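Asks: As a plain string of letters, each chain reads:
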Amino acid sequence: MVTALQASGIAKRYGPTTILDRIDLSVRRGEVVALTGENGAGKSTLLRICAGIVRADAGTVRVGGAIGYCPQIPGVFELLTADDHLVMFGRGCGLSRDDALRRGRAILAGFDFPLDGSVVSRDLSGGTRQKLNLAIALLADPAVLLLDEPYQGFDRGAYVNFWDHCDAWRRQDKAVVVVTHMLAELGRADRVVELAAHPSRTSRGRR
Amino acid sequence: MSRLGRILILAEMHGRDLIRRHAALGLLIALPLSFYLASAGSGGAVSSGGVGMAFAVSGAALFSVLSSREVDQRLVLAGYRPVEMLFGRLVFLGPLGLVIGGGFSLLMALMSGPARPWVMALGVSAVALQSVAVGLAVGAVVPLELEGTLVLIGVIGVQLAAELHSVVSKALPFYGPRRLIGSSLNAHGPVGGPLLQTAAYGVGLLVVTRIFVSRRVDIARHDLLD
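Residue numbers (our numbering), protein chains in the order written: chain D, 2 to 208; chain L, 1097 to 1322.
In isolation and in its complexed conformation, chain L is listed as follows (with noise of 0.2 Å):
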């Protein structure tokens, strides 16, 4: 069976295993959706529903990671390698964000009618995009439910009350995709450089993960008897 063959079973899997949360389902749409909603009309309601976003995602993210824990290195033993599980979670949480993103900065883009759409949408997908790599770094370095909750809810809220330029708000994750939102609601604004903010700091996120994730759920591989 081939590499692409067992990351798509897992990616499966996991889409399976979250398709029947319904009530979890509801919230990844309906997180992102208040922060919106309660702060719209407001200059910063953009701002505020990615951050809903970023709540939601990651949360699902963390919890794909934490689901499994008791199966992970069953999953190792019955023959899958660590870097195809960190795959499989990516391949389902990746355009899962993007669709819920892609909704999002649609209605926001009617509703508060920035200068740039698709920067915002660009943001937008950002968040998605980064929130997966927060959540499954958290999952993987903190594998507990409580703890790993509160840092998630820690990061991405001291990066929402940060001035955005600060020291702090630039040491965490989402600080690219918030200049790009930012740059959205106006004509002029960079986008490369807070894209490329964004993927440098993801991939750290994902290398991150694929350490302590391999930590966990190594196993030992014996010799054979002659």
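Just chain D, same shape as in the assembly (with noise of 0.2 Å):
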């Protein structure tokens, strides 16, 4: 299979505390891979640099296609309706108003959010504006997908739906990676990947 994300080296300090020390994580195009480790392990990070939303101290990050990431906390704006953020974010990729919304909406509908276009993302349960978050990463139709805990707040039938996603994913070739702590389900992902804290941070290594 082919390559669709590849980091190498990746190193981040922020001050004296090391977070990644020449890490490597490759994903292939039909893959779902799950990053799992402790808190404070990187994940995150790792996510973000693979995203370009921060940089890293070393290494470099290679990518087959466009990138959507989906933060952890939803990064919506309060007072916008879904169908405001499907346009904002469908315009920033290229697409009509119209385009936006029917891609958005059938994305949200496989969601099973409720389709109100008048409530802002204010008033929205926190699982339904994770699905909107979701949503916002897949407008553009990315070849990689870094979703990082997308599933929080959603309930059981959500969950178990966002992991029918990822199969549908794998079979539409996307690279996708998943930073979860279900360990339930990495059976699902076809490689875990797991992050180890770096020693800096642990007990151990700080003394």
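In case anyone wonders, no lab produced these hints; they're calculated from the structure.
Take every hint as true, because none was put in to throw you off.
With the C-beta cut set under 8 Å, the calculated list includes, among others, these residues of chain L facing chain D:
1. R1102
2. I1105
3. Q1169
4. L1173
As the structure is a computational prediction, the values presented were derived from the model and not from experiment.
In this text, a Cβ means the ideal position worked out from N, Cα and C, and glycines have one as well.
Got two chains here, separate frames each, mind docking them using the hints?
Replies: Below you can see the structure in the form of structure tokens.
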């Protein structure tokens, strides 16, 4: 299979704290990778570096197409509706208003999002906001999906539905990285990559 | 999608966001009105109204930056350029400031009877536009709610407190608009100079905003795999 994301020798420090030390991550097209590890292991930082929104101190990232990034905390405007977000983010990636709405609403419908155009995101439940967050990441039909605990606030049905979507994205030949703590579902990923906390961040390393 | 189309869509969304903030919209009008009415009858009523408007419009600009702090980088990731995000805010906030300033100028012209109402309208418009530039710059340089608000209060408060032609006053962004408003109260007084000062300071503030916004929302563009 063709490699879609290749991160090599990634290093990142925040002040005296080493977060990532020469980490490699490679994901192929049509592969779902679960990225696990204890709190502070640097999973989100690695994903943000792969997305490009944080710069690594060392190392390179190469990609095989557009990236869709879903942050852990929904990056949405409190007083804009789902439709507003679809139009705004859709325009960014070159979609017309109609195309952005059509494509976005179809994605949201797939997540059982309540399609009421008048509700602003502040008034949505946590799980529903997260569905919008996920839909924004998918809007440009990216080749690489970087999802940082994208199911936060999902109920059981929505959570199972999320992993069904992972199967669909695999069939669509997308490369998917999911940061997860939900060990019960790791069997639905093709590969599990465990990120260990750097020794400088553990009690033993600090001594 | 053209660059203009992207700027307009951002302006539209900033507008939608602000229109849904009903209390903020009310305060945008009530604040300068309160400043003006509280000092109505005194010689400084027009200046006070201008300062009230500076607080209101620059506050709106500041919070338009701060409210999208979590989203800005994601917008860049989606394909927007930082400069488009800056212009998107300007295209919405500039006309908004001018509309508020226009209504306010009319009220002050009727109540205070300045010698040259058109110069006063020019001065109030200059306050409105400079306030947008100040709010955006503060939001870009100090992207934290409390700190940014305190800087804004400090700048406008010192501008109000300082003697008009003092060194401190000349170093602050509303010196030009204050001179214009002062000129409107009598038959003579400079207009072109204060306008140029306002424009130069405003452009400088936008350049600073551009630099800081770009640094904050910049993303790494990865090389493509073979």
